[in-house]
Amino acid sequence: MKFLKVRSEFILVPGLFIVVILAWENLINILEVKETILPTPSRIGEALIYQSQTSFFWTNVWVTTQEALYGFVAATIFAVIAGTFISQIKIVEKTLLPYLVGFQAIPKIALAPIFIIWFGFGQTSKVVMAAIIAFFPILINIIEGLKSADSDHIRMLRVFGASRFQIFKKVQVPSAMPFFFAGLDVGILLSILGAVVGEFLGSQAGLGNMVLVSQYNFETPTMFAILIVLSLMGIFAHIIIKALQKRYVFWADSSNIIGT
Amino acid sequence: MTQQNNAIQDASNEASWISVKGLHKVYRTRTGDSTHALADINFNVRRGEFISIVGPSGCGKTTLLNILAGLISKTEGSAAVSGHEVTKPLSEIGMVFQAPTLLPWRTILENLMIPIEVQKRNKTEYKAIAADLLKLVGLDGFENKYPNELSGGMQQRAGICRALIHSPSVLLMDEPFGALDAMTREYMNLELLRIWKESNQTIALVTHSITEAVFLSDRVIVMSPRPGRIAEIINIELPRPRTLEMMTSDASGHYVQRIRHYFSAANVIE
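First to last, the protein sequences are chains A and B.
Under my numbering, the letters of the first sequence match residues 532 to 791, in that order.
Under my numbering, the letters of the second sequence match residues -4 to 265, in that order.
Please note that a few of the clues may not be correct.
[Stated by the list, open to error] Taking lysine-lysine and the DSSO-like style, the derived pairs with C-alpha atoms no more than 30 Å apart in a straight line are: (1) Lys700(A) x Lys777(A); (2) Lys700(A) x Lys115(B); (3) Lys777(A) x Lys122(B); (4) Lys621(A) x Lys83(B); (5) Lys777(A) x Lys118(B); (6) Lys625(A) x Lys83(B); (7) Lys639(A) x Lys700(A); (8) Lys700(A) x Lys118(B); (9) Lys16(B) x Lys700(A); (10) Lys777(A) x Lys192(B); (11) Lys115(B) x Lys621(A).
[To be verified] Derived Cβ-Cβ restraints for the label pairs, each shown as a range: (12) Lys115(B) x Phe634(A): 37 to 43 Å; (13) Ser682(A) x Gly133(B): 29 to 35 Å; (14) Ser682(A) x Glu71(B): 25 to 31 Å; (15) Ile612(A) x His31(B): 29 to 35 Å; (16) Leu185(B) x Glu624(A): 45 to 51 Å; (17) Ile622(A) x Lys130(B): 37 to 43 Å; (18) Asn143(B) x His769(A): 24 to 30 Å; (19) Phe696(A) x Leu185(B): 39 to 45 Å; (20) Lys773(A) x Leu185(B): 43 to 49 Å; (21) His31(B) x Asp681(A): 56 to 62 Å; (22) Gln114(B) x Phe652(A): 57 to 63 Å; (23) Glu138(B) x Gln735(A): 57 to 63 Å; (24) Gly133(B) x Ile759(A): 55 to 61 Å.
None of these hints come from the bench; they were simulated from the model.
Source: prediction; values computed, not measured.
We put the beta carbon where it would ideally sit given N, CA and C, even for glycine.
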């Protein structure tokens, strides 16, 4: 029964994909929709193949990847530092939390024009944008994670004479790891979003810039092709984070018991 | 002269390895109310003695254990272990908890080493002791398994090993077998007696089970609630080594009846 279920998934997921693509292709041809409005999947595919053969395209992929990655790493570092202080020192939490909640409420995308004034049209403004947008979910998860430590585990360490730092290191940090990776998973996608949004508002390179240029030239298939590339980047990043999670938070799942 | 004094000191320590005098604990709630959790608790435990603390819920038995463990402060009176007033957790003490509380990201061996790491003792030296302890409780070969690969009974045995690894003179146990099924529990009781015999620790066990307390202990401290007081300290004069047959013997039944009397007096149905 379980075997059948797994099998049906393998058939249904690509099946749905093929049905949608075929319907899309044929409907556009039948209804004679203009390519500039909505291109056919085959035209998008052609654009994707064409772009992937140019070095210009790969340069832009690299620019956006760099911006997203630097932003993501910066967000993670700051979130780890801030999360540690906020979760460990009550007075810091009490002082900072209202500001964090307030700052969290700002639609971060609206900050992009300001960052462009501050940091220029180059990559820096995009890195900052990616970092700001990825920072909060990572921070919130770190705080939650550090606070999630089992009170029985903490009590156990205290009985054996553990210091606060030892409790932090031996119980709170490992307990926070599943949350931390959940934060990273959200954060990496948001940092790609942040980089692209930054590029939309003023840039000389990057996939967001390519989308804008394609828009001016009414090259809609290229715009869709870049959308696919951005999704693939996100999926790839997600897979890497999940693999790291499986490697370092191995205890969070699996419960295979061996007798008494 | 000094030597003689030390000898006298030691002798008195032996007779009251755990010494609790005039102990009170009052909890104050935020609303300003106060709860008298423990009132005028007095008892001594000899070195190597096995005592149990029983009583209905809310009698403060866990509070008492937590004070001995140095986890919570006392309001009044004194609680001392081997002559040292308990104000913070002492390395003299090992503790076994209700749940095994093993860290899931550490192997069994790594879990056993927690007290050693925390107290910054020599790890290599204690690895051999850990191996011996695991053997003693029948967990040899499980050093490198993770807790979720072990059954509840095995996890609790690992928890006992962890409490024993730094050779504490006192073992505090907070309802350690409460989560186990009846069969495993009986088995663990026998195991505990065997470990106690080999390690010669002083054991204070908090339990819900009157039969368990009678079966294991030299003395049973019966507590009554609101405020938590000692109702009676009963000497259990059953021969050692104890066997499972003794659990159902008349003598043991007599003790159980006597203790249960306090529970029904407190209007608590077990």
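Quick rundown of the hints versus the structure:
no.	hint	result
1	Lys700(A) x Lys777(A)	holds, 20 Å
2	Lys700(A) x Lys115(B)	holds, 14 Å
3	Lys777(A) x Lys122(B)	holds, 29 Å
4	Lys621(A) x Lys83(B)	holds, 22 Å
5	Lys777(A) x Lys118(B)	holds, 29 Å
6	Lys625(A) x Lys83(B)	holds, 28 Å
7	Lys639(A) x Lys700(A)	violated, 33 Å
8	Lys700(A) x Lys118(B)	holds, 18 Å
9	Lys16(B) x Lys700(A)	violated, 37 Å
10	Lys777(A) x Lys192(B)	violated, 44 Å
11	Lys115(B) x Lys621(A)	holds, 28 Å
12	Lys115(B) x Phe634(A): 37 to 43 Å	holds, 41 Å
13	Ser682(A) x Gly133(B): 29 to 35 Å	holds, 30 Å
14	Ser682(A) x Glu71(B): 25 to 31 Å	holds, 27 Å
15	Ile612(A) x His31(B): 29 to 35 Å	violated, 45 Å
16	Leu185(B) x Glu624(A): 45 to 51 Å	holds, 49 Å
17	Ile622(A) x Lys130(B): 37 to 43 Å	violated, 49 Å
18	Asn143(B) x His769(A): 24 to 30 Å	holds, 26 Å
19	Phe696(A) x Leu185(B): 39 to 45 Å	holds, 40 Å
20	Lys773(A) x Leu185(B): 43 to 49 Å	holds, 46 Å
21	His31(B) x Asp681(A): 56 to 62 Å	violated, 30 Å
22	Gln114(B) x Phe652(A): 57 to 63 Å	holds, 58 Å
23	Glu138(B) x Gln735(A): 57 to 63 Å	holds, 59 Å
24	Gly133(B) x Ile759(A): 55 to 61 Å	holds, 59 Å
Checked against the numbered hints given earlier, this structure breaks hints 7, 9, 10, 15, 17, 21; the rest are met.
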